[in-house]
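Let the sequences and hints guide you as you build the complete structure.
Okay, here's what each chain looks like letter by letter:
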Amino acid sequence: MYRAEVFVTLKPVVNDPAGLTIRGGLHALGFKSVKEVRAGKYLVITVEETDEDRARALVEDMAHQLLANAVIEDFRVELQQESASPLVAEGRAAELHS
Amino acid sequence: MRTGIVVFPGTWSDRDCAHAVGEILGEPVRYIDHRERDLHDLELVILPGGFSYGDHLRCGAIARFAPVMEAVSDFANRGGLVLGICNGFQILQEARLLPGALLRNASCEFRCEWVHLRVEQSDSAFTLDARPGQVLRIPISHGEGNFFADAQTLESLERDGRVVFRYCAPDGRVTAAANPNGSLRNIAGISNARGNVVGMMPHPERACEALLGGDDGLAVFRSAIHALARVPV
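Line order of the protein sequences matches chains C and S. Once you know that position 54 of the first sequence is 54 in the numbering used here, the rest is easy, because the numbers rise by one and skip nothing. Once you know that position 65 of the second sequence is 65 in the numbering used here, the rest is easy, because the numbers rise by one and skip nothing.
No lab work stands behind these hints, which were simulated from the structure alone. All of these numbers come straight from a predicted model, not from anything done at the bench. Every residue, glycine too, gets a C-beta built ideally from N, C-alpha and C. Among the hints, erroneous ones may be present.
Simulated restraints on C-beta separations [stated by the list, open to error]:
1. Gly19(C) - Pro67(S): 54 to 64 Å
2. Glu158(S) - His27(C): 28 to 38 Å
3. Ala229(S) - Glu78(C): 14 to 24 Å
4. Val13(C) - Arg78(S): 29 to 39 Å
5. Val34(C) - Asp74(S): 44 to 54 Å
6. Asp74(S) - Glu82(C): 36 to 46 Å
7. Tyr42(C) - Asp74(S): 53 to 63 Å
8. Glu78(C) - His19(S): 32 to 42 Å
9. Val13(C) - Arg15(S): 36 to 46 Å
Some chain S residues close to chain C (C-beta under 7 Å, calculated; not the full set) [claimed, not checked]:
10. Gly54
11. Arg58
12. Ala101
13. Arg104
14. Phe110
Here are a few chain S residues that sit away from chain C, every Cβ distance over 10 Å (derived from the structure) [said to hold, decoys possible]:
15. Gly26
16. Leu57
17. Gly79
18. Ser156
Next comes the structure, spelled out in structure tokens:
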């Protein structure tokens with residue numbers, strides 16, 4: 001099982017009104033040294049795959065097809081192996097005991 | 001004009017569109033469920049405004065994969081008339097039937113107000129009845145209508161006359177003050193190369209009766225009727 005963290009961000013050439021507004025808020029709070037804020041999306045996707053390369057390829061395919069819009073956004077995928085989630089583990093334990 | 005209006009979960013302007021086309025113009029209208037796959041009985045398909053699938057991830061991103069969208073794409077490629085209004089425009093872009101994207105309004109505010117639109121070209125199926133330079137008064141109602149396209153796409157849209165509407169002052173001047181959402185070059189609506197697919201952020205269906213504040217939106221729907229009379233689907 002792999003846990004993928006997907007970071008979707010607006011391309012550098014695309015204006016980011018949310019980031020500009022947050023920067024304004026930080027300036028108002030006194031964080032005068034804040035130069036730039038870029039807002040984006042963060043998704044965590046768990047896939048039941050055993051091969052790391054395949055898991056990465058799948059998540060990148062998801063990002064190309066749906067998670068990011070290539071017209072305005074870039075994405076980055078970080079992958080880490082994970083043991084079965086507690087719920088799944090419980091389910092398996094239940095199976096073993098039945 | 002046999003008209004179909006697509007209804008996704010979260011669509012909100014379907015009945016306004018049906019009222020404009022069916023009641024005011026007296027044309028036959030039916031609703032299209034988002035799971036339908038056959039649009040052969042239709043001449044015009046409208047993707048209305050709203051918040052399809054809660055606007056989750058990105059406006060229009062999930063709707064694009066609804067079963068009906070494959071049929072809409074085939075319908076458009078056959079030359080059928082397709083009008084995307086507001087969320088419908090966002091869906092057409094996500095489906096790559098129109099270029100560019102619609103970002104969050106530069107103000108970060110939802111804008112619900114009357115705006116003025118300058119008709120930039122009268123060759124599209126939805127502006128045949130208008131003349132270039134004509135000013136239409138039509139309301140907007142959106143939080144993500146900030147038109148963006150890369151420099152190359154913008155140039156080709158301008159060069160090929162595919163910018164259909166621009167936000168303008170009441171006298172037709174295209175000014176920064178008349179731009180309600182930060183759209184590049186004040187773009188409010190564009191067409192595909194063939195002119196049978198148009199996307200626009202403003203709501204013409206909400207400007208079809210003087211009683212409701214104005215009827216400039218009728219030009220959009222009447223143009224479609226005349227486009228069909230000229231080149232039957």
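Tell me the hint numbers this structure goes against, listed in increasing order.
Checked against the structure, the hints that fail are numbers 1, 3, 7, 8, 10, 14 and 16, while the rest are satisfied.
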